[in-house]
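A.B. asks: For reference, the chains in residue letters:
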Amino acid sequence: GAGVSQSPRYKVAKRGQDVALRCDPISGHVSLFWYQQALGQGPEFLTYFQNEAQLDKSGLPSDRFFAERPEGSVSTLKIQRTQQEDSAVYLCASSLAKWSWQETQYFGPGTRLLVL
Amino acid sequence: EDQVTQSPEALRLQEGESSSLNCSYTVSGLRGLFWYRQDPGKGPEFLFTLYSAGEEKEKERLKATLTKKESFLHITAPKPEDSATYLCAVQVPGTYKYIFGTGTRLKVLA
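Here the protein sequences line up with chains A and B, keeping their order.
As numbered in our numbering, residues 1 to 116 make up the first sequence, in order.
As numbered in our numbering, residues 1 to 110 make up the second sequence, in order.
Bear in mind the hints are in silico, worked out from the structure with no lab data behind them.
In this text, a Cβ means the ideal position worked out from N, Cα and C, and glycines have one as well.
Wrong hints could be hidden among the right ones.
[As the list claims (entries may be wrong)] Take a look, some chain A residues computed to stay more than 12 Å from chain B by CB distance: (1) R15; (2) G16; (3) R22; (4) P61; (5) S62; (6) R64; (7) P70; (8) S73; (9) R81; (10) E85; (11) D86; (12) S87; (13) V115.
[What the hints assert, rightly or not] Just some of the chain B residues that point at chain A, by a computed CB distance under 8 Å: (14) R31; (15) G32; (16) K42; (17) G43; (18) P44; (19) F46; (20) T49; (21) L87; (22) Q91; (23) T95; (24) Y96; (25) K97; (26) F100; (27) G101; (28) T102; (29) G103.
Build out the structure end to end from the sequences listed, making use of the hints.
C.D. replies: Laid out in structure tokens, this is it:
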């Protein structure tokens, strides 16, 4: 079956531009995570959705970052007024059930964002 | 502070040369420790979950073990296709958050 997909795969933005990154989780997956991965680093947790509810947004680095999942499937991560420090790979992961620490997360390929 | 540290940062092995990767963690009340493999340009791919000290899991040439302070990923007789970055992560109790280490970049030479 299809895995997690993300689009676009690459995005170049000028500083100050707004960007929107899309995540299509595996069909039927309840849980959805967003991570930010800087070059040479491990993924850093940004936010967690259970269906359409955003249960944890403690990892969002600033109020310029906003995530939504209005119908409990596709999710969008929006970054307003991009800065150079926002350059990173943004990873989306989904898991089948509502949150449980035992649940396996399935990652998408990521969106590589470069802010000039 | 909850933290995950992986070592070494990078490792070069000859094909067939076995070795181990280390993941040490500081988190109160560990629920689960996770190992992932990440190839360039791709998202992490799940390998193992370990729940309690003394637990071991195996998959092909990989074996993961867990103690109260650290986990090891043992690679037996590696092949070039095992070249990747190996990440470990822990779940932070009482939150929805997972903390990842910075990974070990493994290169297996033919």
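A.B. asks: Now tell me if each hint is right for this structure.
C.D. replies: Consistency of the hints with the structure:
{"no.": "1", "hint": "R15", "verdict": "25 Å, holds"}
{"no.": "2", "hint": "G16", "verdict": "28 Å, holds"}
{"no.": "3", "hint": "R22", "verdict": "15 Å, holds"}
{"no.": "4", "hint": "P61", "verdict": "14 Å, holds"}
{"no.": "5", "hint": "S62", "verdict": "18 Å, holds"}
{"no.": "6", "hint": "R64", "verdict": "20 Å, holds"}
{"no.": "7", "hint": "P70", "verdict": "19 Å, holds"}
{"no.": "8", "hint": "S73", "verdict": "19 Å, holds"}
{"no.": "9", "hint": "R81", "verdict": "26 Å, holds"}
{"no.": "10", "hint": "E85", "verdict": "18 Å, holds"}
{"no.": "11", "hint": "D86", "verdict": "19 Å, holds"}
{"no.": "12", "hint": "S87", "verdict": "16 Å, holds"}
{"no.": "13", "hint": "V115", "verdict": "19 Å, holds"}
{"no.": "14", "hint": "R31", "verdict": "4 Å, holds"}
{"no.": "15", "hint": "G32", "verdict": "5 Å, holds"}
{"no.": "16", "hint": "K42", "verdict": "5 Å, holds"}
{"no.": "17", "hint": "G43", "verdict": "3 Å, holds"}
{"no.": "18", "hint": "P44", "verdict": "5 Å, holds"}
{"no.": "19", "hint": "F46", "verdict": "5 Å, holds"}
{"no.": "20", "hint": "T49", "verdict": "7 Å, holds"}
{"no.": "21", "hint": "L87", "verdict": "5 Å, holds"}
{"no.": "22", "hint": "Q91", "verdict": "4 Å, holds"}
{"no.": "23", "hint": "T95", "verdict": "7 Å, holds"}
{"no.": "24", "hint": "Y96", "verdict": "4 Å, holds"}
{"no.": "25", "hint": "K97", "verdict": "5 Å, holds"}
{"no.": "26", "hint": "F100", "verdict": "3 Å, holds"}
{"no.": "27", "hint": "G101", "verdict": "5 Å, holds"}
{"no.": "28", "hint": "T102", "verdict": "5 Å, holds"}
{"no.": "29", "hint": "G103", "verdict": "6 Å, holds"}
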